[in-house]
Amino acid sequence: MPDTNKMVRNELVKEFSSFLPADSIIADAETQKPYECDGLSAYCEMPLLVVLPSTIEQVEKIVTICHHRKVPIVARGAGTSLCAGAMPNEQGVLLGLAKFNKILEIDADARTARVQPGVTNLSISQAVRDLGLYYAPDPSSQIACTIGGNVAENSGGVHCLKYGLTVHNILELKMITAQGEFLTIGSQALDTPGLDLLALMTGSEGLLGIMVEITVKLLPTPENARVVMAGFDSVIQAGDAVRDIIANGIIPAGLEMMDHLAITASEDFAHAGYPTQSHALLLCELDGTDAEVDAYITRIENIFKKQGATTIKVSQNEAERVLFWKGRKSAFPAIGRLSPDYYCMDGSIPRSQISHVLSKIASLAQRYGLRVANVFHAGDGNLHPLILYDAGVPGELERTEQLGGEILELCVEAGGCITGEHGVGIEKIRQMPAQFSDQEIKQFMVIKDAFDPLGLLNPGKGIPTLKQCQEYRALNREHSHDHGHEAHAHD
Amino acid sequence: MTDISAQLIAQVLDARSQKTPLKIVGGNSKAGVLARDVIGTPLNIKQHQGIVSHDPTELVLTVRAGTTLDEIEAVLEEQGQMLPFEPPHLGTGATIGGTLACNLSGPVRPYAGSIRDMALGVRLINGQAQHLRFGGEVMKNVAGYDVTRLQAGALGSLGVLTEVSLKLLPRPAQTMTLTYELPQNEAIKKITALTNSAQAVSGAAWSTGVLYMRLSGTSEGVAATHKLWGGEILPSNSSFWDDLREQKATFFSGDDPLWRFSIKPTVPALLDTDDMLVDWGGGQRWLRGDFELADLEKLAIKASGHVTLFKGGDRQAEVRPALSNTHKTLHKRLKQAFDPDGILNPGSLYGWM
Amino acid sequence: MKTKLAPRFAGTKLADEAQSILRSCVHCGFCNATCPTYQELNDERDGPRGRIYLIKQLFEGADVTSATRTHLDRCLTCRSCETTCPSGVQYGRLIDMARGVMEHELPRSPGQRAIRWGLRKTLPNATLFGALLRIGQSVRPMMPPALKNKIPPRQISPRQHKRSDTHKRVMLLLEGCAQPSATPNTNAAVTRVLDRLGISLIAPAKAGCCGAVSYHLGAHDEGLDHMRANIDAWWPDIENGAEAIVISASGCGTMIKEYGHLLKDDPIYAQKATRVSDLAKDIAEILANEPLDRLKLRPTGKKIAVHTPCTLQHGQAQPDLISNILKRSGFELLLTSENHLCCGSAGTYSILQPTLAKRLLKRKINALEGQKPDVIATANIGCQLHLQTGTKTPIVHWIELIDQVIEI
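Protein chains in written order, with the numbering used here: chain R, 18 to 508; chain L, -7 to 345; chain P, 296 to 703.
If we strip away everything but chain R, and leave its shape as in the complex, we get (with noise of 0.2 Å):
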């Protein structure tokens, strides 16, 4: 670490260390190491400075100094980011609200629940659930990812197809500016007068500020929830049989499609009785009264019969539910059975593509010789390819990237999307540039300057620089990007 830096370190340290306990300040490299990176452990930097605040005065405190004297800050949950979303930046804090984790008021009536960010998916469910209530977008991380971390990104969930991604879950944010003030957000109706900073912050990967409580909105329970587990011979009937699902006018709870490597890693860990013998598996969620779930079943069956499927369960408790759940939403580290390291895609495309994207996904994992399992919000359109690779094998961990950024930029090319709900972070940050052109990354750079002139929230993650964007247009002349206007804007 250069000198400068370590002079900062201790005197932020000083600092610091007025209002905050000394063991929420972590300044020795030994145990810093822990948090130099998320979820994507791919990627690492270690931090200047580990502080972990309880209250929101204390962070207003830290942003302020930290303005002061232009040090970059990176927010910190649960630390699960698939993006490289919270990986720490060497000159920064690493602002950690894993202690923001008291749900604060819960009002039955209204159906909202005020929590602080640190609070995990699941426990707002779980702390409604007596009430008939439960919070709906539902990341397979749930059990451990926050909520703020969920606002960062605007996570979605097997959920989300018919309830919809965390913008469309929440209410009101209070944040503490880039300047270090303190500031509310969108309200406990459903709209605000001026502009919906509600949105924007929303997906904003704590670039335009750092959020210290939220208000969800939360739905009551369903009468009744079944899935149907459906096996099928080819991922190509099982995309076609949710091309049929929504073309008859049914939104499924959830519509989830695993392919034969993710079966087979999820039933060794959650024994839910998936078939192992399938090439694809179709989790099919419908909920309502019983009436209605009970209609839409047979119509469900019908569907996945026609499209030739060889087994079809359909779960008989809520326990067998949550079961059948339980193997789809461990999925990406269940992996971790099969390949020492896996890089998770999130690119999301039409439902109509899903065929053509996924036997295009196979034939580039056979050029490059990696295995590549498959996980997805099938309604959605929201592909998680896993490429599986060896991070001990020198040259590996180059080729997945590479991979993953063709599986990218095929799915922009299908007319889809780098990122449907885990981020660009550091991860897809070369890739942006095939989705947006020069001006609209402008456009970004200059909503990012509004918030945060000085450049100081999460750096380097999100938004490309123009250099990043040049050189990768250098690199992929041959894949001109079809926007249907100039890509390469003059200023």
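Hints in this document: simulated from the structure, not taken from any laboratory.
All of these numbers come straight from a predicted model, not from anything done at the bench.
Each hint should be verified, as a subset may be incorrect.
Unchecked claim - To be clear about the criterion: a stretch of chain P counts as covered by chain R if any three or more of its residues have a C-beta under 8 Å from a C-beta of chain R, and this derived list gives those stretches:
(1) 354 to 363
(2) 377 to 391
(3) 495 to 504
(4) 664 to 670
As the list claims (entries may be wrong) - Derived EDC-like pairs (lysine to aspartate or glutamate); straight-line CA-CA distance at most 16 Å:
(5) K297(P) with E53(R)
(6) K297(P) with D407(R)
(7) K256(L) with E189(R)
(8) K219(L) with D307(R)
(9) K181(L) with D124(R)
(10) K308(P) with D560(P)
(11) K119(R) with E230(R)
(12) K11(L) with E224(L)
(13) K182(L) with D126(R)
(14) K256(L) with D126(R)
(15) K597(P) with E627(P)
(16) K87(R) with E77(R)
(17) K181(L) with D126(R)
(18) K87(R) with D469(R)
(19) K324(L) with D469(R)
(20) K323(R) with D257(R)
(21) K256(L) with D466(R)
(22) K182(L) with E224(L)
(23) K297(P) with E413(R)
(24) K191(R) with E318(R)
(25) K622(P) with E580(P)
(26) K119(R) with E335(P)
(27) K219(L) with E240(R)
(28) K330(R) with E318(R)
(29) K657(P) with E633(P)
(30) K23(R) with D45(R)
(31) K299(P) with D407(R)
(32) K559(P) with D516(P)
(33) K297(P) with E335(P)
(34) K324(L) with D466(R)
Ideal Cβ positions, reconstructed from N, Cα and C, are used throughout, including at glycine.
For chain R, the structure is supplied; the task is to place chains L and P on it using the hints.
Coordinates of chains L and P only, in the frame set by chain R:
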């Protein structure tokens, strides 16, 4: 079906070089509604119209901003689909671009979402005459900031919308409205109680002593809820919901200023008068008459919400409540970020932006 | 996760095993969500994922100091993380290995060493522990409440009934080290219940501590010696056809089930150790497969909250066994929350990490007493004694509940 984006870009470029403000106009159905009066050269997007893409199996629609709601709704109806947010037209020739800019959604809004919620992507011309695309045609897209939803309710202050992609939904098989004679506060309590169980509610409104609960879903689901809830069935030829959405009900007639409260839905009656109209399950409440914005805002704050002068009154003064200094600074900076010369619908939201 | 062993570890069996465990972790962070210390401290360093990272650093050859040890010491080894981990990371094994290496490479202060030595020498020694406990019990009435809490009052066995020692079916019984003096009722109940089911128990005098205290304190060789001694003590009866080794303290059971793995490189004991591990059964596993209707149970109307010890639910992957048996036997079980969390006892943890142990105890008692139970049932002496220091509700081994309602 015409694409006049080149012409629109040229007009913005021209306005920019001459530093003359533009007043964006679509179907002109929202004149005198929601926004402050804008003074500027009209920039007419009405001709920029047509459906760009619509694959019925995708439940996604991309249309040019000048396309009328009438045209879109006719096409969707043929496919058994609909705009999930039940947009109020508020006049003839209403366009999808104007609907998004005003963030207008009908009585279904608390249950199915608003146009802001259903917006997947936009193309817009910013104040530098750059034609930009944000979001896309897929259900989930978190690359870059959510510029798409930022346009909802921005009243054209950040860009000239040229194209909008929206999520669609299948039309429900069955719709039924149940009515209950109840005073306002009892009605609000009943809405809370009824909607706390998972039934297929698609509207909850109260007007002149009657609570209207609309159900939409499968015929099995609607029948089961009716059995559970009881209540009088409103004849299916009743125009209640249309009149509410389109502000054609008697409550809306005349020239008195129309105030819109957007508040926490469970809050009891705001004023000691039954002469208010309750929509959005209690979250949107209408009031007529000559009031001071500041006075009503005090009521709105107590109800955890805000109030706007929706229609009529003095539209050269501010029509929505003042923002905090931090908010004001951010708003100015964002305006500057999209429209550095302040030529796009200046003053539509606030006089100072 | 990518790991590169330091040259000084390269090629050792221990480090190879550590590396393969480290590589199986994909860093998802699910484990933190169910880790008691992460829940309390909200610091990455005090959750399994962070500790795995610290351990990785150790095996990769970084200079590791007492700062790392502080966080490893705070781990309860409850292995809740293993139940949660979709990737199948054997965390408990990994932290045991790391603790062993650290005890060796980074000696503790003399005071700390003395305390640990003392624990290793007293707890596993049934005679010594018993003698000390009896002294404690005799002066207990005169002690201040804080200290009094730590010493369980003398148990008087509530029931006696004749039993036969001559059944055809024979099993070995692990007497345990603290159990005979602190909670003699437990094994008395085990003996009576199994007698009713036609099973005789034998407990060879030479068998002693299972080895867990030493092993989990990082004194691996000492722990392995305890294991070998037990194998020697049990072997003749195993050869004579004892069908199982019955254990009524799930902490010991978990350890004995690992003998096979821990002694796999011992040329003399490897095979025998595997056999012993295969025969090791918690009393709950035994009862689960016996016809309980033969016991003629007459349950009382007592409302029971169950605390399944971590060693049983996570270590032996049997989260529902006790509850199922009690339900089958007609008892009324109450709903409890945060069932996956450790009570803070965790072997010697309550002695070595009193502050955290107390916080966890309070949390656990709240979680267990939500519906006001008449009695709390558990399956491990450590949990039983520790829980009792936090509540007036009686804490018993569940087998005593069964024993009490057998119609004589």
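Practice prompt. Establish whether the coverage given for the region 354 to 363 of chain P by chain R is satisfied; the threshold is a Cβ-Cβ distance below 8 Å, and no fewer than three residues must meet it.
Written response: holds (count 6)
Worksheet item: Are the Cα positions of K87(R) and E77(R) separated by 16 Å at most?
Response: holds, 15 Å
Worksheet item: Can the restraint linking K622(P) and E580(P) be considered satisfied, given a maximum Cα separation of 16 Å?
Response: Holds, because 15 Å separates the two Cα atoms, which is no more than 16 Å.
Fill in: Given hint D469(R) paired with K324(L) - CA-CA distance at most 16 Å
With a Cα-Cα distance of about 14 Å, the restraint between K324(L) and D469(R) holds, given a limit of 16 Å.
Worksheet item: Is the Cα-Cα distance between K299(P) and D407(R) 16 Å or less?
Response: Holds, at roughly 12 Å.
Practice prompt. Mind checking the alpha carbons of K11(L) and E224(L) for me, to see if they're no more than 16 Å apart?
Written response: Not OK: K11(L) and E224(L) at ~59 Å, beyond 16 Å, violated.
Worksheet item: Is K597(P) close enough to E627(P), meaning Cα to Cα at most 16 Å?
Response: holds, 7 Å
Worksheet item: Taking only the CA atoms, is the gap from K324(L) to D466(R) under or equal to 16 Å?
Response: holds, 12 Å
Worksheet item: Does the alpha-carbon distance linking K256(L) and D126(R) stay inside the 16 Å limit?
Response: Holds, at about 10 Å.
Worksheet item: Would the pair K181(L) and D124(R) pass a check requiring their Cα atoms to be no farther apart than 16 Å?
Response: Holds, because 14 Å separates the two Cα atoms, which is no more than 16 Å.
Discussion item. Can you confirm whether the C-alpha distance between K191(R) and E318(R) stays at or below 16 Å?
Written reply: violated, 45 Å
Worksheet item: Can the region 377 to 391 of chain P be counted as covered by chain R under the rule of three residues or more with Cβ-Cβ separation shorter than 8 Å?
Response: Check passed, 6 qualifying residues.
Violated hints for the displayed structure, listed by number in ascending order: 3, 4, 12, 21, 24, 33.
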